[in-house]
Each structure stands twice: as C-alpha cells, then as structure tokens.
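In the order they appear, the protein sequences are chains A and B.
Position 210 of the first sequence, counting from 1, maps to 210 under this note's numbering, and the rest follow consecutively.
When you read off a place in the second sequence, starting at 1, and then add 349, the result is the number in this note's numbering.
Keep in mind that the hints were calculated from the coordinates and are not lab data.
By construction, the Cβ of each residue, glycine as well, lies at the ideal position given by its N, Cα and C atoms.
Hints are supplied without guarantee of correctness; some may be wrong.
[Unchecked claim] So the derived label-pair ranges between C-beta atoms look like this: (1) A:W160 x B:K377: 47 to 53 Å; (2) B:G359 x A:G45: 38 to 44 Å; (3) A:G99 x B:K377: 51 to 57 Å; (4) A:P213 x B:D406: 28 to 34 Å; (5) A:A196 x B:V410: 26 to 32 Å; (6) A:A39 x B:G378: 51 to 57 Å.
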Amino acid sequence: MTALTDTSHDPRRPPWGWLGLAFVAWIAAYVSLMSFADAAIALLGLTRQTHLGEAVHFFFYDTPKVLLLLTGIVFLMGVVHTFVSPERTRALLSGRRLGVGNVMAACLGVITPFCSCSAVPLFIGFLSAGVPLGVTFSFLISAPMVNEVALALLFGLFGWKVAGLYLALGLAVAITAGLVIGKLGMERHLEDWVRAMQASQSADYVGEEMHWPARIDAGVAHVRDIVGKVWPWILAGIGVGAAIHGYVPQDFMASIMGRDAPWWSLPAAVLLGVPMYSNAAGILPVVEALIGKGAALGTVLAFMMSVIALSLPEMIILRKVLKLPLIITFAGVVAFGILIVGYVFNAVL
Amino acid sequence: MKNIKVLGTGCANCQNTLKLIDEVARAKGVVVQLEKIEDLQQIMTYAVMSTPGVVIDGKVVHAGGVPTRAKVESWF
Chain A
1 MTALTDTSHD
11 PRRPPWGWLG
21 LAFVAWIAAY
31 VSLMSFADAA
41 IALLGLTRQT
51 HLGEAVHFFF
61 YDTPKVLLLL
71 TGIVFLMGVV
81 HTFVSPERTR
91 ALLSGRRLGV
101 GNVMAACLGV
111 ITPFCSCSAV
121 PLFIGFLSAG
131 VPLGVTFSFL
141 ISAPMVNEVA
151 LALLFGLFGW
161 KVAGLYLALG
171 LAVAITAGLV
181 IGKLGMERHL
191 EDWVRAMQAS
201 QSADYVGEEM
211 HWPARIDAGV
221 AHVRDIVGKV
231 WPWILAGIGV
241 GAAIHGYVPQ
251 DFMASIMGRD
261 APWWSLPAAV
271 LLGVPMYSNA
281 AGILPVVEAL
291 IGKGAALGTV
301 LAFMMSVIAL
311 SLPEMIILRK
321 VLKLPLIITF
331 AGVVAFGILI
341 VGYVFNAVL
Chain B
350 MKNIKVLGTG
360 CANCQNTLKL
370 IDEVARAKGV
380 VVQLEKIEDL
390 QQIMTYAVMS
400 TPGVVIDGKV
410 VHAGGVPTRA
420 KVESWF
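Modelling step: build the complete structure from the supplied sequences, incorporating the hints.
What follows is the structure in structure tokens.
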C-alpha cells in the first residue's frame, strides 16, 4: 500500500548513489551467508555434527537469508506499486473480454498493491467500471495468493524453481477459476445493489505524477510496513523449523502427507486450509517444516494455497456482495483448481 | 468546521488513519467533525476502491493505505 503524494514538484534528486551502495551491501551480505552461519556456531563452540549444532546453524543461515530476500523483493514491489494503482489496473481491465482479460487480471493481481480488507470495495469498483465478473475474480484470486511475500519466502526456503512453479500454478488457478466463473454467467447471483452498479461508471484514470525520489521512498516505506510486520513470524517459524530440522526423524510426515500417502490426503489438506486464516509469512515456516520431514511438495503447496486463497472470514465479507450460490461456486472452483495443482505437482516432482 | 469521513470496513489501517487525523487536528487546534463510514454501500458512493479513504467536506482527498502525517497536516 502506498500513500499517494503529490510530488509533481519534487525538488529532490534521486538518491541513486545510496541505492547503488545498498545494492552492493545486499549482495555482499548474501554471498557471505554461509560463512556467517559457520562463524556463528564456531563462536558458540558448536559443530554441525551434533543435533544442536545443526539446528543452530540452520537458524543462523536461514534467518538472515530469508530476511535479506524479503527486504530486497518487498522493496522492489514497493517501487513497482507506484506504477500500478488499483485505479490504473481497473482502467486496463475495463471492458476486456474473457480470456485475455483473465490472463491480464491474474498477472496484474501479482503487482497491484492489494490489502485483503480492500477486497470488497475493489470488487465493486471493478464491476462498476465494466470489468467482467470472471475477469474480476481472476484478479481477486491471484492478488492475495501470488504475492511478493509468498514468493520471497518460497525462493528463500526452497529455491527459485519452487517459487517459479508456485507463481505459474497460482496464476493458472486464478485464470482458470475466473474463466469458469465468467462462463457460468453468474451475474444474477450478485447482490441487487451491486448489480445495479455494474458498468455504471467510467474507468478513467487520472494518474498522479510521481518522481523517482518518491518512488524510492515508497519502496522503503513498503519494506518498513511489510518486513516490520512479518519478521517475528519468520523468526518464530524458522526457530521451529530449526528444531524440527535438527531433531525430528526424517520421514515423520511421509506416511501422512507424503507421496505414498492415500489419495485423500490432498483433499484433506485443502479442506483443512479453509478455516485456517493466515498470510504467507505465518504459514510458510510450517510448510518448510512439513516438507523437511517427508511431506510431498504438491500436498503442502495445495495446503498453503488453500490457507491463503480460501478463508472463511473473507467469504463472510464477500457475502455482503455475492449471493450464496456464487460464493459456493467461487470456493468450489478455486478448491478444485488447487487440488489439480497439488496432484500435478505430486505426479511431476 | 470541516467534516471528515474515514471510509473503511474496519481493518487496522482504517483505525490508524482515524487516530492519526484526530491527533493532527488536535495538535493544530482545529475543530473537526470526524466520522467513520463502515457501510459498504455508502463507501461505494464515493467510488473509492482501496480503503482506507478520506473524504473532507464531500471530496475524496485520499485512498489506499494510511496517509503520511505530512499529508494529513496539509489538510488543515
């Protein structure tokens, strides 16, 4: 979320020098992560051969790594957000047909600033400017599910391939679910006052002019906001992960959530995720711990998508604008998409 | 007297915005009539898409996120 400020007469020069310096420091810190963790346990008189040493090493390696990645990616997203306000996204999507519109909406969902408490005003704002219902849903599914915090953490904990797969599959679920909802023609299941507002306004977009110093400020503010909020979660999560990493037997989860688990373990994981409401920062350390102990990646990622994308509180809010059949369809289509992602993931990897 | 409305469905950011405006107004000694609008239909009549939004005397002056203190100060 970026506060729009009028900076059309910003007298400041962009702090490129400082930014370059910060970038160099970031790279230097990133490449010395392993030596930092080695030094940290040496200082404590531990070696990686012991359970305790391995756990402490894991903690000292993973924490700075995840925080560095998070800071970097969140800063970049903060700057990107200054280019794509919800109003601008809406203007881009207004009057788009199903198909192209869904792909655009899902992709824009990743980079548009989005706060889950704005979901409903956004939903109505899109519809009232003539964005089709199915396209609006693509945006609404992708925006919370595929976000920079989830991607940064996946990247930090599992590497770029898993992060990339999550991005691709998250977009696929958002696009397909939106297409299906659009094809079903469910406009009549909007609450009446919302229906009356459909395509009632123009989507004209008047951008506020912004210069680089303000964009960089926005990036820094975004880091303060997001990293400031999620770091205790990450610390706690990695702490738990470290303990599990050092002590719990390797295949503990394999029989329950592993690849050889019965077929129903995946739907069960998705169902379990619905009443749970958490953000990516809260759920990912749990995900890592599960995977470390033999749970299959597809099952765990499906669980994570379900926790983030399908939540009871959100549905209760959505009930103010959608009638029950549409909410059920929405939940059903998204859950089905997540299930397929999980099975595909488990089959491929 | 200025009439200020904070539009929002009741998340933490909306509360913070309300508090910030109240603080700044007090600090500047400006008497304002501060309201919180939580009803969705009413919020949508201002065509605000990202909450919290701030409306002063019927005009939307801010939308999306907690405004900066400097911005709030510029309203008084």
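Hint says 51 to 57 Å; check whether the CB-CB distance for G99 of chain A and K377 of chain B agrees. Given range 51 to 57 Å: holds, Cβ gap about 53 Å.
Against the range 51 to 57 Å, how does the distance between the Cβ atoms of A39 of chain A and G378 of chain B compare: consistent or not? 56 Å, holds
Note whether the CB distance of W160 of chain A and K377 of chain B lies within 47 to 53 Å or breaks it. 50 Å, holds
Range agreement (Cβ of G45 of chain A with Cβ of G359 of chain B, hint 38 to 44 Å): 52 Å, violated
State, for the Cβ atoms of A196 of chain A and V410 of chain B, whether the hinted interval 26 to 32 Å holds or is violated. 27 Å, holds
C-beta pair P213 of chain A, D406 of chain B: status relative to the range 28 to 34 Å that was hinted: Given range 28 to 34 Å: holds, Cβ gap about 31 Å.
When held up to the earlier numbered hints, the structure conflicts with hint 2 and nothing else.
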